[in-house]
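Number of protein chains: 2
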Amino acid sequence: MASSLSPPEVPMELHRLNRDKLLNSLRDHLSISSRPNHGFVFLQGGEERTRYCTDHTELFRQESYFAYLFGVREPGFYGALDVASGNSILFVPRLPADYAVWLGEIKPLSYFKERYMVSMVYYTDEITKVLHEQYQGQGRKPLLYLLHGLNTDSNNYSKPAEFEGIEKFEMDMNTLHPILTECRVLKSDLELALIQFANDISSEAHVEVMRNAKVGMKEYQLESMFLHHTYMFGGCRHCSYTCICATGDNSAVLHYGHAAAPNDRTLQDGDMALLDMGAEFHFYGSDITNSFPVNGKFTRDQSLIYNAVLDAHNAVISSMKPGVCWVDMHKLAEKIILEALKKGGLLIGDINAMISERLGAMFMPHGLGHLLGIDTHDPGGYLKGAERPKELGLRSLRTSRELLEGMVITVEPGCYFIDAVLVPAMENSKTSRFFDHEQISRFRGFGGVRIESDVYVTSRGCVNMTKCPREIKDIEAVMAGAAWPIKRTPIPFENGESR
Amino acid sequence: MASSLSPPEVPMELHRLNRDKLLNSLRDHLSISSRPNHGFVFLQGGEERTRYCTDHTELFRQESYFAYLFGVREPGFYGALDVASGNSILFVPRLPADYAVWLGEIKPLSYFKERYMVSMVYYTDEITKVLHEQYQGQGRKPLLYLLHGLNTDSNNYSKPAEFEGIEKFEMDMNTLHPILTECRVLKSDLELALIQFANDISSEAHVEVMRNAKVGMKEYQLESMFLHHTYMFGGCRHCSYTCICATGDNSAVLHYGHAAAPNDRTLQDGDMALLDMGAEFHFYGSDITNSFPVNGKFTRDQSLIYNAVLDAHNAVISSMKPGVCWVDMHKLAEKIILEALKKGGLLIGDINAMISERLGAMFMPHGLGHLLGIDTHDPGGYLKGAERPKELGLRSLRTSRELLEGMVITVEPGCYFIDAVLVPAMENSKTSRFFDHEQISRFRGFGGVRIESDVYVTSRGCVNMTKCPREIKDIEAVMAGAAWPIKRTPIPFENGESR
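So the sequences go chain by chain: F and Z.
The letter at position 30 of the first sequence is residue 30 when you use the UniProt record's numbering, and the numbering goes up by one with no holes.
The letter at position 76 of the second sequence is residue 76 when you use the UniProt record's numbering, and the numbering goes up by one with no holes.
These aren't lab readings, by the way, just hints derived from the structure by calculation.
Among the hints, a few may not be true.
The list cannot tell twin chains apart, which means a pair is met if one copy fits it or any two copies do.
What the hints assert, rightly or not - Here are the computed lysine to aspartate or glutamate pairs in the DMTMM-like style, where the Cα-Cα straight-line distance is at most 20 angstroms:
| # | residue 1 | residue 2 |
| --- | --- | --- |
| 1 | K21 | D311 |
| 2 | K430 | E47 |
| 3 | K297 | D172 |
| 4 | K107 | D419 |
| 5 | K384 | E133 |
| 6 | K218 | D269 |
| 7 | K430 | E357 |
| 8 | K218 | D20 |
| 9 | K159 | D474 |
| 10 | K335 | D436 |
| 11 | K141 | E126 |
| 12 | K113 | E126 |
| 13 | K390 | D98 |
| 14 | K159 | E48 |
| 15 | K168 | E126 |
| 16 | K113 | D350 |
| 17 | K390 | E167 |
| 18 | K159 | D55 |
| 19 | K113 | D311 |
| 20 | K218 | E9 |
| 21 | K331 | D311 |
| 22 | K107 | D264 |
| 23 | K384 | D55 |
| 24 | K141 | E164 |
| 25 | K487 | D419 |
So that you can see chain F by itself, here it is in the shape it has in the complex:
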C-alpha cells in the first residue's frame, strides 16, 4: 500500500477569511435593517466528553460553526468577533498545573494568538470583563449575537453559548444563525482546497479498497483499509461519517454500517459492493460512494443497474450550474433511471405516467444529494421559511434550493431493490401495472447501486472533485490491477496565492 499524496499544510488564514466574510454579511444586514453596528458575535466551542459514567474520553471533534470561524482543535474554547472593530478574540480554558504531566505542555496565550491568527486571546474566566472593556456600543449591557437556529437535517437546534456572567449582556438569538449558515453554504477557494484534498485522498483510498476487495473478506475489512489509507497517507484522523460497507442485500440499506448493522457480512461471489466512505481533513469532509462487483466483473444485470445510475450521475453533473433548481436535478436523475429500467425490461409503460405516480422514489427513496462542507450534511439546505417538497422521494431532499456559485453538493443517485418499498408498490393498484413482476423478481437480493461524487458549482457550470473510476471498463481494469494515478489538484495557498 502506498500513496502519491501527502497532507498539505493547513492555512489558518482560511478561518480569518471566514470571519471577515461573516462580519461583512452581518454588517450589511445590520445596515439594511438600520440597526447599530456594534456588539459581539459570540460562540462556544465544543467540550470533550466522557463515555457514560466512566473516565473514557471520546476523541474530541470541534463543533462545526466554531470550527468554521476559528479552526480551533482544542476543547473548551469560546470565541468572539467585535462587530464594530472587527477584532477576533479567543477565550482559552485555564488549565490546572498537573495538565502538564498528564496531557501536555500548557501553552501560553501567545501560542493560540499566533496559531489561530486572532486579534486577542484571554482565559475563559475573563469573558465578561474583556467584552465589557472592548464594547464600543451605547447600551449599559453589551450586545451578544448568539447562535440559535434549526438544523434542517437533524431538526435539532444549535445551542447558544453559556457562561458565568451572561446576564450582564443583552442577547440576540435570531440574527446570527441564518447569516453564518449562509456563509458556510458558499465555499471560499481555501475551503475548496481542503475539500479537494479530502476528495483526493478518499478517492485514492477507494481505489485501493476496490483493488484489494476479495470474495471471502468481511465488509469491515474494506472499512479498515479505507480508514488506514486516509489516515496513514492523508493524516485524516476523522471520517466525515461512519463508513457504509454494504455488500449483497445490505447495499439496499441506505445507511448501513452503524452499530446495529456493523459491516460484518462476508463478501460472496456475485455480490455487488456499495461503499460510501469519506475522510475529513482539518474539519472539511468528503462523501464518496463507489459500487462494484466484489469479484471484479460486472454481470449483465449488474451493468444494467450500474449504468442506469451512472447515466443519471453524469446527466446531473452536465446540467448543473448556477440557477438550476436542485429538485429538477433530482427529477432528472429519477427519469433517467426509470428509462433505463424500462429499456432493461424491468418496467413497462409510459415514463411520464410513472413519474406522476412517483415511481422513481420506489428505486431511489433518498434525495439526490446534499450540501457538503464541515458537516457531511452541511447546513443551509432550507432557508428560513422554505418548505420541504411533500412528494414521495422529493421530501427526502436535504435541499430544494437553486444552485449558487461556490456551493459544494453531493451528486449521489442510486437504484435499490428494497423489499419494504417495492413489495407494497408492486401490490398497489396505482403502480402495480408498471412492474414486470417476473423480471423484477430476478433482482430480489441484488441490493443496490449508488454512485456519489462531490461537485462544486462554478460561475458557468460545475467541477467534479471526486476522482474515482466510474466507467465499467475502468473499474474492471483497476480491479484487475491497472494503475489509476490520482494527481493532487494544486492548492492555491501553497504558492502563497489565492484563487
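Place chain Z on chain F using the hints.
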C-alpha cells in the same frame, strides 16, 4: 501486512453467566440482610448520540454495565432480571417502518431472544405492563434495583434507568451498584478468553508497528497501522482508549494523543517511542504499552532507563498473587526504578531516604496499574468507604486493593523526565540532594519509558496475557526483521468446554 490470528466466535453464554453471577450475589446479599428475595434488577442501555446540533451519528458503543449483563450491541434497549425467578428480560425499541429503508431489517423479537439468550423480549413501551405482570413480590408496587453509584476513576455517578411509568415502581438505588461492580472485578473464564484475544491481536499489532516504524514518519502513522491491524485481522472496531503514540519529549506526557496533542510529531533519529494502544473485542479491552528507539537500536542511556522499567515490570509480575496489596506492588516498582537510577548515576544517596521523600513519584507520577475489563479503567478499584492513599504518586493509584483470583490488572511501571515535576523536585531543599544535576540534565528531552502488560491473577500467582517482545535484544531483533509469532491462546468455548 498479515496475521496468524482471526476473530473468534463471541459466546453470548458469557453474558448469561454474568447474569447468573449477579443474581447469586444479589440473592446472597438479600438473604444475609434478611430482605425479601424479589424485585427486578433494571438497567437502561446506552443511546445513540448525534454530534452537537447536526445529524452526524457517532458510532454507538454500549454502556459498560449493560454490556456486561446483556452483551447487546444495539442502542436504546432496557434489560431486567427477575430476582425471584431468575428470568432475564430485554426491552427493544419499536422501530418505525422506514427504519427498514434507511438502517436495515427490522428484526423480530425472537431474533433478540435467541441472539442474546434471554428468557423474554418485549418492546420498551411495554416495560411497566410486563414488569407488573411478572412481579412475584408482595408490595403494591414492584421493586426495581437501579444502578446508581460512584465511578472512582471519573468521579461521575452512573445514571439510573429512566422510563415512562417509573413512578409505578418502588426504587432501590443503593444495593445494586456495589454488588454488580464486584461481579465485574472478578473475571470468568469466558471473559478472560476475550481479554486474551484482545491482547493477542493487540500484541501482534504492536509488533507490526514496531517493525514498520521509521525515522521521518508521523506519530499518527503508527496509530494508523495499529488500528488497521487490529480491525483488519481482529475485527476490533473500537479501541479501549485513544492511542497514545508519543515520541521524543512527548513520551513524557502520560496521556498524549488526544485532540489537543494529536500524535502529530515527526519521528526523529535518536527518539524513544512510547506507544500505549489496545484494541477492544466484543466490549472487552486490552491496554498495552511498548517503548523502543525509533531507529531500532537502544543507546546506553535508553537501555539504562528501559531496563530499570523492565526490571520493575518483571519484579511486580513475579510477586503478584492473591492477597498481595497493590500499593506494595507500586512501591516495589518505585524502589527498583530508584535503585537502577542510582546505579546509573542519576541519583545519589540512600534509597530508603528517597522513598520516604516520595522520590519515586518524581519519575513515575502515575499509579502502577488498574483493573481492566469492559472499561479500560474497570470499576471497583475502591470499595465503598475505602480511602485513597494520600502520598504523592500513591494517590494516583486507581486501586489500593489486595489482589484476588480472577482480577485482571495492568502492570505499567514507567520512568519519565518531566520538567514540570523534576525541576521543582531538584530545587526543593528536601529532595535536591538526591539528584546528580549534571547527569539528570543529560535526560532533558529524553521523554519517558513505560512498559505495560495485562495480567490476570490466578489462585497461585498470575499470568501475563500480553505477548510483546520485552527484552532489548528481542525488540532490536524484531525491529531488524526477526519473526515474533504470536500463538493464539486456546479459548475454552471453542471446544464447547468451560475452564
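Violated hints, by number in ascending order, as checked against the structure
Going through the list in order, the structure violates hints 1, 2, 3, 5, 8, 9, 16, 17, 19 and 25 and respects the others.
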